[in-house]
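**Q** Model the full assembly from the supplied sequences, consistent with the hints where possible.
Taking my numbering as reference, the numbering of the sequence shown is continuous, increasing by one, and the terminal residue is 270.
Be aware that one or more of the hints could be misleading.
Taking lysine-lysine pairs in the DSSO-like style, the calculated list, with each CA pair at most 30 Å apart, reads [as the list claims (entries may be wrong)]:
#1 Lys194 x Lys57
#2 Lys57 x Lys129
#3 Lys177 x Lys194
#4 Lys177 x Lys57
#5 Lys194 x Lys64
#6 Lys57 x Lys175
#7 Lys129 x Lys194
#8 Lys96 x Lys175
#9 Lys194 x Lys175
I should point out that these hints are in silico values taken from the structure, not numbers from a laboratory.
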Amino acid sequence: MKHAPHRTTGRIHGLAAIAAAMLLTGCATTQNPQDPLEGYNRTVFRFNDAVDRTVLKPTATAYKNVTPSFVQTGVNNFFGNLSDAWSAVNNLLQGKAEAGMGDVTRVAVNSTFGIFGLLDIASEAGIQKHNEDFGQTLGVWGVPSGPFLMLPVLGPSTVRDTAALPADFGGDIWKYKRPDNWRNIGAAVRVVDKRATLLDAGNLLEDAALDRYEFIRDGYMQRRQSQVYDGNVPRQADDHADEATSNAEPAADPAGKAAEPSAQPAPPAK
Numbered sequence: 001m002k003h004a005p006h007r008t009t010g011r012i013h014g015l016a017a018i019a020a021a022m023l024l025t026g027c028a029t030t031q032n033p034q035d036p037l038e039g040y041n042r043t044v045f046r047f048n049d050a051v052d053r054t055v056l057k058p059t060a061t062a063y064k065n066v067t068p069s070f071v072q073t074g075v076n077n078f079f080g081n082l083s084d085a086w087s088a089v090n091n092l093l094q095g096k097a098e099a100g101m102g103d104v105t106r107v108a109v110n111s112t113f114g115i116f117g118l119l120d121i122a123s124e125a126g127i128q129k130h131n132e133d134f135g136q137t138l139g140v141w142g143v144p145s146g147p148f149l150m151l152p153v154l155g156p157s158t159v160r161d162t163a164a165l166p167a168d169f170g171g172d173i174w175k176y177k178r179p180d181n182w183r184n185i186g187a188a189v190r191v192v193d194k195r196a197t198l199l200d201a202g203n204l205l206e207d208a209a210l211d212r213y214e215f216i217r218d219g220y221m222q223r224r225q226s227q228v229y230d231g232n233v234p235r236q237a238d239d240h241a242d243e244a245t246s247n248a249e250p251a252a253d254p255a256g257k258a259a260e261p262s263a264q265p266a267p268p269a270k
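**A** Pasting the structure below:
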């Protein structure tokens, strides 16, 4: 008998060990209250960037160039249909019954008429798709996001979202797929397909952003705040985010070299 949960726990412990090692070499505090571990986070960011450049991006590029577009669409729809089930649970936990039942309807329609989710019939029928996870649910319940945290391999997160990961992993239907080799192959295809959908955005980011780490961090924090409030961020929370951004130190590039602050006008002579 195989014990998949033990292997999952081992992988999580492995990521924790990598994070601890990087924390010892890269931990540093900054004046940005949203990112007090910027030194550690930048170290992890460089590690993730190296993995992406050497493994994920080349694989995703080959996948996008070789795989027919209708197959890519089918793969994306299939895993999107699975994620709708967990999204339904989180919408209901957040008290959004209408959205939760809409997600349930999406899963039912796409799993039957959409051939196990390969076709997104629900969207064609006007049934809105949501993307809810347990981190957002905790945010709705009033749990603060906590500091920004860059996770090895998994990417941008916060303390709250990281604490929610075990629930998100447990709510992933594909995790329970048997036999194990099918589950592992599907998980790999899922990662590659997701990375392929981000190729154009990633290339634009590389060309446009002076400090990709800072750009990703600020964009992630703003996006998560918007997701928690469904796009209607209260003014008080918005002002707090603006204050945190204004207190940040000058940007640093991925190599750790601080960017030159913009020139400021000299104060008037007294």
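**Q** So, for every hint listed, does it hold in this structure?
**A** For each hint, the structure was consulted:
1. Lys194 x Lys57: Within the cut-off at roughly 11 Å; holds.
2. Lys57 x Lys129: 27 Å, holds
3. Lys177 x Lys194: Since the Cα atoms of lysine 177 and lysine 194 sit roughly 19 Å apart, the hinted pair holds (cutoff 30 Å).
4. Lys177 x Lys57: Holds - the C-alpha atoms of lysine 57 and lysine 177 are around 26 Å apart, at most 30 Å.
5. Lys194 x Lys64: 11 Å, holds
6. Lys57 x Lys175: Distance ~24 Å between lysine 57 and lysine 175 Cα, so the pair holds.
7. Lys129 x Lys194: 17 Å, holds
8. Lys96 x Lys175: 26 Å, holds
9. Lys194 x Lys175: This hinted pair holds, its Cα atoms lying about 17 Å apart.
Every hint from the earlier list agrees with this structure, and none is contradicted.
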